[in-house]
Amino acid sequence: MDINTRRKLFDILMAPRSVAIVGATSNPNKVGHIILQNYIDVGYDGEMFPVNINAKPGDSIMGYKAYRSVKSIGKPLDLVVIAVPAEATPAILEECSRAKVKSVVVVSGGYAEIGRKDLQDKLVEITRKGSFILMGPNCLGIMNTRARVDTLFLPTFKIDRPKIGGVSFASQSGAVGSSILDMIDAEGFGLSKFISYGNAIDIDEVDILDYLARDDETTVVIFYMEGAKRGKEFIKAAKMITAKKPVIMIKGGATEAGATAAHSHTASLAGSYQAYEAVFRQFGITQAKTMQDVMDFAKMFETQPFPKGKRVAIITNGGGVGVIATDALYEAGLELASFSKKSEKALRKIMPPIVNIKMPMDMAGDADDKRFAAALEVASSDPNVDAIMVIALFQTPGADSRVAASLINYSATRVKPIAVVSPGGSYTQAHRNMMESSGVPVYSSPDQAARAFKALLEYKEYRDSIR
Amino acid sequence: MARLLEYEKARILLDKYGIRSVDSKYLLSEKDAAKFAEGGNIAMKAISQKALHKTKSGLVMLNVSRDNAEKAFAELSRKAEKYKPYKILGQRMAPSGLEIIVGGRTDEQFGKLILIGLGGIYVEVFRDFALRVCPISRHDAEAMIGQLKSKSVIAKDAGSEHMLVELLLKVSKMLSENDIAELDLNPIILHDKGYDAVDLRVMV
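Chains U and X supply the protein sequences, listed in that same order. Each residue of the first sequence is one higher than the one before, starting from 1 at the first, in my numbering. Each residue of the second sequence is one higher than the one before, starting from 1 at the first, in my numbering.
Hints were generated in silico from the structure; no laboratory data involved. Values in this document were obtained by computation on a predicted structure and should not be read as measured data. There may be inaccurate statements among the hints.
[Said to hold, decoys possible] Listed next, the in silico DSSO-like pairs over lysine-lysine satisfying Cα-Cα at most 30 Å (straight line): (1) U:Lys460 x X:Lys151; (2) U:Lys232 x X:Lys170; (3) U:Lys345 x U:Lys310; (4) U:Lys308 x X:Lys151; (5) X:Lys170 x U:Lys239; (6) X:Lys35 x X:Lys84; (7) U:Lys236 x X:Lys173; (8) U:Lys460 x X:Lys84; (9) U:Lys308 x X:Lys156; (10) U:Lys30 x U:Lys56.
[To be verified] Here are a few chain U residues that face chain X, going by a calculated C-beta distance under 8 Å: (11) Ala228; (12) Lys232; (13) Ile235; (14) Ser264; (15) Thr266; (16) Ala270; (17) Ser272; (18) Gln274; (19) Ala278; (20) Gln282; (21) Gly284; (22) Leu393; (23) Thr396; (24) Pro397; (25) Gly398.
[Stated by the list, open to error] Counterexamples of contact, computed for chain X against chain U with all Cβ distances above 10 Å: (26) Ile47; (27) Leu131; (28) Glu182.
Even for Gly, the Cβ is constructed at its ideal location relative to N, Cα and C.
Assemble the whole structure, with the sequences as input and the hints as a guide.
Right under this line is the structure:
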């Protein structure tokens with residue numbers, strides 16, 4: 001299959017106008033039921049065909065006419081989701097192939113991951129001969145928030161579905177996939193596509209990066225991967241996508257032992273995991289070491305403009321946290337900015353005498369929205385400042401919703417990147433939600449914000465280097 | 001199975017890409033050793049497919065003068081007996097200096113990789129290295145050096161950084177154009193007059 005056909009089919013898979021769900025049933029405990037239910041819940045407006053081998057003429061499942069087979073639907077479907085046991089899947093896939101189905105998602109497990117490579121090989125063989133593309137097996141499938149497609153077999157009441165946004169997320173592992181998906185919603189940023197690709201017998205990392213690079217609705221990519229199948233093509237796809245948008249990668253298998261015995265110092269230092277890290281670094285992929293870093297980086301990338309350099313201004317309404325934040329900057333490889341003479345003069349006029357106009361600038365516990373807004377305005381126009389970390393402690397007497405509003409107003413100017421650090425309980429949380437839903441990245445501690453700035457700066461430097 | 005490339009062949013390969021290594025020759029006899037040492041002190045290394053870690057196997061003698069050369073040759077031959085067949089290589093002693101490693105290997109996923117790091121015997125203790133996929137660009141080479149914790153000692157001024165960037169580009173070209181499974185240039189000694197690769201291990 002040539003690359004253009006493959007791309008066309010991938011686009012259809014991600015926004016199908018007709019879907020059959022094989023294994024659909026009225027029994028609410030079955031995966032096939034949950035998938036059908038989810039399609040209904042998210043408001044999919046294409047054609048939908050439940051398929052169940054036990055269906056009798058005139059039967060319906062959840063209000064939709066039921067079919068005994070894919071073939072009996074009698075039209076070339078855009079997508080077939082197969083949710084029946086592994087043993088039964090090859091025969092159904094054969095049928096899909098004959099019925100000229102365009103794409104297939106096999107959600108069922110029970111293949112190579114449990115030692116049944118023989119069954120998996122059957123799927124490979126049928127797919128290779130067919131004219132469709134296949135996602136899986138052993139995967140959650142796909143979600144497309146705008147096209148209202150959701151093949152996930154996770155009930156909507158157990159896992160929150162994020163709102164519509166620009167972040168797309170691909171995961172080899174279904175478990176990592178669903179937990180990060182849940183976190184994405186909890187962190188309040190919006191999702192464009194979710195792709196869980198499992199054993200990757202056909203569609204793999206390369207296809208997915210290629211698709212997400214071409215997808216204009218995707219502005220930031222999060223990727224969880226255990227291993228690439230096609231190294232050289234992976235590099236090509238990585239180069240293509242990182243030239244357009246950031247990719248945050250979390251790679252499993254850091255501690256795995258090297259597969260080959262090393263004859264040289266080089267081979268013993270540079271194992272296969274190190275090779276992945278080298279590829280990520282060389283081709284502009286941002287590597288995250290923890291799930292928390294993934295979230296922290298994603299919200300920075302999604303909302304903030306690039307910094308020009310590594311000098312970060314710290315504006316705080318609490319002295320101690322400002323000192324910790326300064327340490328965090330250097331720990332992350334950044335620097336504390338210092339105000340220009342002009343800025344110092346301007347600030348001296350605005351700030352009360354109790355405020356020391358030196359970085360990190362402690363505006364004191366009674367700092368209100370006017371002080372925050374004025375400091376942001378000065379820092380924003382100061383040529384010595386590349387990025388701004390605002391520590392807004394809502395426990396203080398001066399801080400209230402008006403402070404949150406002034407931070408939101410500044411973030412909307414998109415002149416310099418901003419990160420807000422607001423640790424705290426329910427009163428703080430209410431303001432965090434307010435700011436995050438307006439596109440201000442908020443962190444619980446300065447080190448998280450510093451690492452996110454650093455990730456943004458490194459990606460910006462990569463983009464500069466390929467220009 | 002990868003095998004060690006003959007030392008002289010490895011040296012010719014490096015020469016072809018303009019990568020400097022110390023003057024060397026195979027020593028055939030005690031007299032031959034003494035003659036080679038006339039031009040300045042030498043190192044002697046017994047080279048065998050059976051002993052890939054020469055230092056660990058006690059097959060290296062350093063700073064041998066003309067007067068000691070015959071005795072050293074005899075002693076090394078005795079030690080190397082159990083690693084037969086072997087050859088004894090004489091190398092001109094390089095000036096002393098900081099030791100770095102430049103290496104490479106063929107990764108089954110991504111192909112040729114290139115590495116630079118703090119070298120010598122501490123290489124696996126400090127694990128201070130940078131890695132990239134070949135071929136690398138000048139920007140990549142600069143970023144590799146910039147990534148090292150030991151950057152300020154390895155590339156202490158613009159001149160030495162430039163020299164290392166050029167070296168990395170040459171090694172990258174060599175790795176890309178040849179069938180090399182693993183490469184260790186360890187140590188490469190950095191000294192006042194530039195650098196010299198002192199030990200070469202090319203697995204093909």
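Does U:Leu393 pass the interface check with chain X, least Cβ-Cβ distance below 8 Å? Where the cut-off is 8 Å and the nearest Cβ of chain X is about 35 Å from U:Leu393, the hint is violated.
30 Å Cα cutoff - pair U:Lys236, X:Lys173: 20 Å, holds
U:Ala228 as chain X interface residue, shortest Cβ-Cβ below 8 Å: 6 Å, holds
Are U:Thr396 and chain X close enough, Cβ to Cβ, to be under 8 Å, as the hint says? Hint violated; U:Thr396 Cβ to chain X Cβ min 40 Å, cut 8 Å.
If you draw a straight line from the CA of X:Lys35 to the CA of X:Lys84, is it 30 Å or shorter? Since the Cα atoms of X:Lys35 and X:Lys84 sit roughly 25 Å apart, the hinted pair holds (cutoff 30 Å).
Holds or violated: U:Lys232 to X:Lys170, with C-alpha atoms at most 30 Å apart: Holds. U:Lys232 to X:Lys170 sits at ~22 Å (cutoff 30 Å).
Keeping to a limit of 30 Å between CA atoms, is the pair of U:Lys308 and X:Lys151 held or broken? 24 Å, holds
Take the C-alpha atoms of U:Lys460 and X:Lys151, compute the straight-line distance between them, and say whether it is at most 30 Å. 22 Å, holds
Hint check: U:Lys345 vs U:Lys310, CA-CA at most 30 Å. Holds or violated? OK: U:Lys345 and U:Lys310 at ~24 Å, within 30 Å.
Proposed interface contact between U:Thr266 and chain X, which counts if any beta carbon pair is under 8 Å: 3 Å, holds
Have a go at the U:Ser272 hint: is there a Cβ in chain X nearer than 8 Å to its own Cβ? 7 Å, holds
Holds or violated: is the Cβ of U:Pro397 closer than 8 Å to a Cβ in chain X? 45 Å, violated
In summary, the numbered hints that this structure violates are 8, 21, 22, 23, 24, 25, 27, 28.
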